[in-house]
Amino acid sequence: MEKTIRIKYHSNEIDKLTYVDGKSDWIDLRSAKEYELKAGDFTLIDLGVSMQIPEGYEMLVAPRSSLFKNYGLLQANSIGVVDESYCGDDDIIRLPVYATRDTVVHVNDRVCQFRIIEHQPKIVFEETGSLGNVSRGGFGSTGRQ
Numbered sequence: 051m052e053k054t055i056r057i058k059y060h061s062n063e064i065d066k067l068t069y070v071d072g073k074s075d076w077i078d079l080r081s082a083k084e085y086e087l088k089a090g091d092f093t094l095i096d097l098g099v100s101m102q103i104p105e106g107y108e109m110l111v112a113p114r115s116s117l118f119k120n121y122g123l124l125q126a127n128s129i130g131v132v133d134e135s136y137c138g139d140d141d142i143i144r145l146p147v148y149a150t151r152d153t154v155v156h157v158n159d160r161v162c163q164f165r166i167i168e169h170q171p172k173i174v175f176e177e178t179g180s181l182g183n184v185s186r187g188g189f190g191s192t193g194r195q
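Counting from 51, one number per residue, gives the positions in the sequence shown under this note's numbering.
Just so you know, these hints were derived from the structure itself, not from any lab.
Please read these numbers as outputs of a predicted model, since none were measured by experiment.
Check each hint, because a few of them may be wrong.
What the hints assert, rightly or not - Taking lysine-lysine pairs in the BS3-like style, the calculated list, with each CA pair at most 30 Å apart, reads:
1) Lys58 to Lys83
2) Lys73 to Lys119
3) Lys83 to Lys66
4) Lys73 to Lys83
5) Lys53 to Lys172
6) Lys83 to Lys119
Unchecked claim - Distance ranges between label pairs, derived from CB positions:
7) Thr68 to Asp91: 24 to 32 Å
8) Gly138 to Leu181: 42 to 50 Å
9) Gly72 to Glu177: 41 to 49 Å
10) Gln170 to Gly72: 24 to 32 Å
11) Phe118 to Lys66: 22 to 30 Å
12) Gly179 to Lys53: 38 to 46 Å
13) Asn158 to Asp133: 24 to 32 Å
14) Gln170 to Tyr69: 19 to 27 Å
15) Ile57 to Ile129: 14 to 22 Å
16) Tyr148 to Phe175: 32 to 40 Å
17) Gly190 to Val70: 28 to 36 Å
18) Lys53 to Phe92: 31 to 39 Å
19) Phe175 to Tyr107: 21 to 29 Å
20) Gly179 to Val70: 47 to 55 Å
No residue lacks a Cβ here, since even glycine has one placed at the ideal position from N, Cα and C.
With these hints in hand, go ahead and build the complete structure from the sequences.
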């Protein structure tokens with residue numbers, strides 16, 4: 051089922067958003083400005099777009115797998131969540147990054163990616179003294195002998 055996302059571009063220097071045919075259903079976002087960062091710097095990379103996410107959906111923004119390898123950058127909030135209320139003309143999507151080494155990000159460099167997902171259903175928590183299931187060994191135990 052198709053969904054429509056209204057988009058406002060704030061830069062004529064970045065490529066228009068599109069799927070990478072046959073590779074993924076995530077969509078790349080690009081730097082709209084040039085950034086020269088030193089090790090230890092933090093900045094919000096301007097991605098040059100504002101969007102109106104469909105009602106009942108949210109956007110997940112995650113680093114591209116090459117962000118650390120190519121730039122030494124870590125996404126500072128691990129994964130970004132943008133809900134449908136962040137939809138004004140000045141609500142520009144940004145990528146918070148921390149530089150682990152000196153680096154330069156150029157205009158139009160692909161730095162992160164996004165997808166939209168439906169909001170989770172309403173959850174009701176039912177308190178219990180025991181879940182009644184067999185334990186797997188606790189946090190971090192998967193794959194240990």
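Outcome of the hint check:
For the proposed pair Lys58 and Lys83, the alpha carbon gap of about 16 Å is at most 30 Å, so the pair holds. Restraint check for Lys73 and Lys119: satisfied, since their Cα atoms lie roughly 20 Å apart, inside the 30 Å limit. Taken as a hint, the Lys83 and Lys66 pair is honoured in the structure, with Cα atoms around 15 Å apart against an allowance of 30 Å. At most 30 Å may separate the alpha-carbon atoms for a hinted pair to count; Lys73 and Lys83 meet this at roughly 26 Å.
Our distance criterion of 30 Å between C-alpha atoms is met by Lys53 and Lys172, whose separation comes to about 22 Å. Between Lys83 and Lys119, the direct Cα distance comes to roughly 20 Å. Compliance with the 30 Å bound is thereby established for this hinted pair. Roughly 31 Å separates the CB atoms of Thr68 and Asp91, a value that falls within the hinted 24 to 32 Å. Look at Gly138 against Leu181: about 44 Å separates their beta carbons, and that is inside 42 to 50 Å.
Our hint of 41 to 49 Å for Gly72 and Glu177 holds, since their Cβ atoms are close to 47 Å apart. Checked against the hint of 24 to 32 Å, the C-beta distance between Gln170 and Gly72 comes to roughly 29 Å, which is consistent with it. A beta carbon spacing of about 26 Å between Phe118 and Lys66 agrees with the range 22 to 30 Å that was offered as a hint. At about 43 Å, the CB distance of Gly179 to Lys53 agrees with the hint of 38 to 46 Å.
At roughly 27 Å, the beta-carbon separation of Asn158 and Asp133 lies within the given 24 to 32 Å, and the hint holds. Under the hint 19 to 27 Å, the C-beta atoms of Gln170 and Tyr69, about 25 Å apart, fit the expected range. Checking the proposed 14 to 22 Å range against Ile57 and Ile129 shows it holds: the Cβ atoms sit about 21 Å from each other. Look at Tyr148 against Phe175: about 34 Å separates their beta carbons, and that is inside 32 to 40 Å.
Between Gly190 and Val70 the C-beta distance comes to about 34 Å, which sits within the given range of 28 to 36 Å. A beta carbon spacing of about 33 Å between Lys53 and Phe92 agrees with the range 31 to 39 Å that was offered as a hint. Checking the proposed 21 to 29 Å range against Phe175 and Tyr107 shows it holds: the Cβ atoms sit about 24 Å from each other. Between Gly179 and Val70 the Cβ separation comes to about 50 Å, which falls inside the hinted range of 47 to 55 Å.
Against the hints set out earlier in the document, no violation occurs for any number.
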